[in-house]
Amino acid sequence: MALKIGRLAWEEIRRHGEETYPHECCGVLLGEIDGEGTKAVQTAVRCSNQRSDSPHNRYGIDPRELVRIQREARERGHDIVGFYHSHPDHPARWSQTDLAEAHWTGCSYVITSVTNGSAIETNSFNLGGNPAEDENKYFEDEEIRVE
Amino acid sequence: MKVSIPTPLRQYTGKQASVEVFARTVGEMLSDLTTQFPDLRKHLFSDDGKLRRFVNVYVNDEDIRYLENGNTPLKESDTVSIVPSVAGGS
Numbered sequence: 001m002a003l004k005i006g007r008l009a010w011e012e013i014r015r016h017g018e019e020t021y022p023h024e025c026c027g028v029l030l031g032e033i034d035g036e037g038t039k040a041v042q043t044a045v046r047c048s049n050q051r052s053d054s055p056h057n058r059y060g061i062d063p064r065e066l067v068r069i070q071r072e073a074r075e076r077g078h079d080i081v082g083f084y085h086s087h088p089d090h091p092a093r094w095s096q097t098d099l100a101e102a103h104w105t106g107c108s109y110v111i112t113s114v115t116n117g118s119a120i121e122t123n124s125f126n127l128g129g130n131p132a133e134d135e136n137k138y139f140e141d142e143e144i145r146v147e
Numbered sequence: 001m002k003v004s005i006p007t008p009l010r011q012y013t014g015k016q017a018s019v020e021v022f023a024r025t026v027g028e029m030l031s032d033l034t035t036q037f038p039d040l041r042k043h044l045f046s047d048d049g050k051l052r053r054f055v056n057v058y059v060n061d062e063d064i065r066y067l068e069n070g071n072t073p074l075k076e077s078d079t080v081s082i083v084p085s086v087a088g089g090s
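Note that the protein sequences, when read in sequence, are chains A and B. The letter at position 8 of the first sequence is residue 8 when you use this note's numbering, and the numbering goes up by one with no holes. The letter at position 4 of the second sequence is residue 4 when you use this note's numbering, and the numbering goes up by one with no holes.
With the rest of the complex left out, here is chain B:
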């Protein structure tokens, strides 16, 4: 399936906006992705190996935190999107 890479992380995927991965779960997808592009690892995960709090991973239109996190099953037709959060204020 295709993983959509956000603009700031594109520099670590050889400028590719989407990357093809082979995985049955979200955990496998993240593992395949960071094996293909090792520099991505520290951008997605904190030192304790957890997904950084501001990194959102969506399967189609669903947040994996509301599915089964790393155990969320994936189908070939799914689209996975990685989007860092956007917030702030005066």
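For reference, chain A alone in the conformation it holds in the complex:
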């Protein structure tokens, strides 16, 4: 399991986290998944964080925005292969909230830690399990290959 990502998309997700600091940023990763589950990200699409009640430690993507992104990606022959968000002043590890709210199995959840406005570490986690057994899902570490 690995996430291949172009240099521009990689820089974009880290820059996004710096720009929204001290709030969490979020977005969608578009690309392709091969038969082995390796994902290749071509584009990172910025989304606005819907969680205006607690933007420093929560994020949410408007489903209407997701619908539009999914439609436009398919018109270009791409798919949603994952999502990204930032953890301001927090490690780049998934939280219990991240796991509880994750439902796109087989997709990547990329997290960037941002400290004092600077992106520090970026890690990717593949969501495993069965979408129908929400309580049995899990995150597994995933290698990021910046290409």
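The reader is advised that the hints may include incorrect statements.
So these bits of chain A aren't anywhere near chain B, every CB distance computed over 10 Å [what the hints assert, rightly or not]: (1) Met1; (2) Arg7; (3) Thr43; (4) His87; (5) Glu101; (6) Gly106; (7) Asn116; (8) Ser118; (9) Tyr138.
In silico DSS-like links for lysine-lysine, alpha-carbon gap of 30 Å or less [to be verified]: (10) B:Lys75 x B:Lys2; (11) B:Lys2 x B:Lys50; (12) B:Lys50 x B:Lys15; (13) B:Lys50 x B:Lys75; (14) A:Lys137 x B:Lys75; (15) A:Lys4 x B:Lys15; (16) B:Lys15 x B:Lys2; (17) B:Lys2 x B:Lys42; (18) B:Lys50 x A:Lys137; (19) B:Lys15 x B:Lys42; (20) B:Lys75 x B:Lys42; (21) B:Lys15 x A:Lys137.
These are computed hints drawn from the structure, not numbers from a lab. For each residue, glycine too, the CB sits at the ideal point set by N, CA and C.
Since the structure of chain A is provided, determine the placement of chain B on it from the hints.
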């Protein structure tokens, strides 16, 4: 009309990213979809038969929860999208 299937549910639709269904309402669409692909049922519905809380169904750009849910009428030209929710935080 076409129903757009999200990446995680594609494994239950023979890897098809969109599925053609014949339906006059959202309820009929979901019924046709899960008849064609029975394995989808438990991924879309909880044990009590309700749409799972994190499963969003959109007709064009509108959430069916703000339309008429299962009774929402459909036209042949409509595009239906299924999108699980995306959220979290530190």
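Query raised in the report: Which of the stated hints cannot be reconciled with the structure, identified by number in ascending sequence?
Result: The structure breaks hints 4, 5, 6 and 14; every other hint is satisfied.
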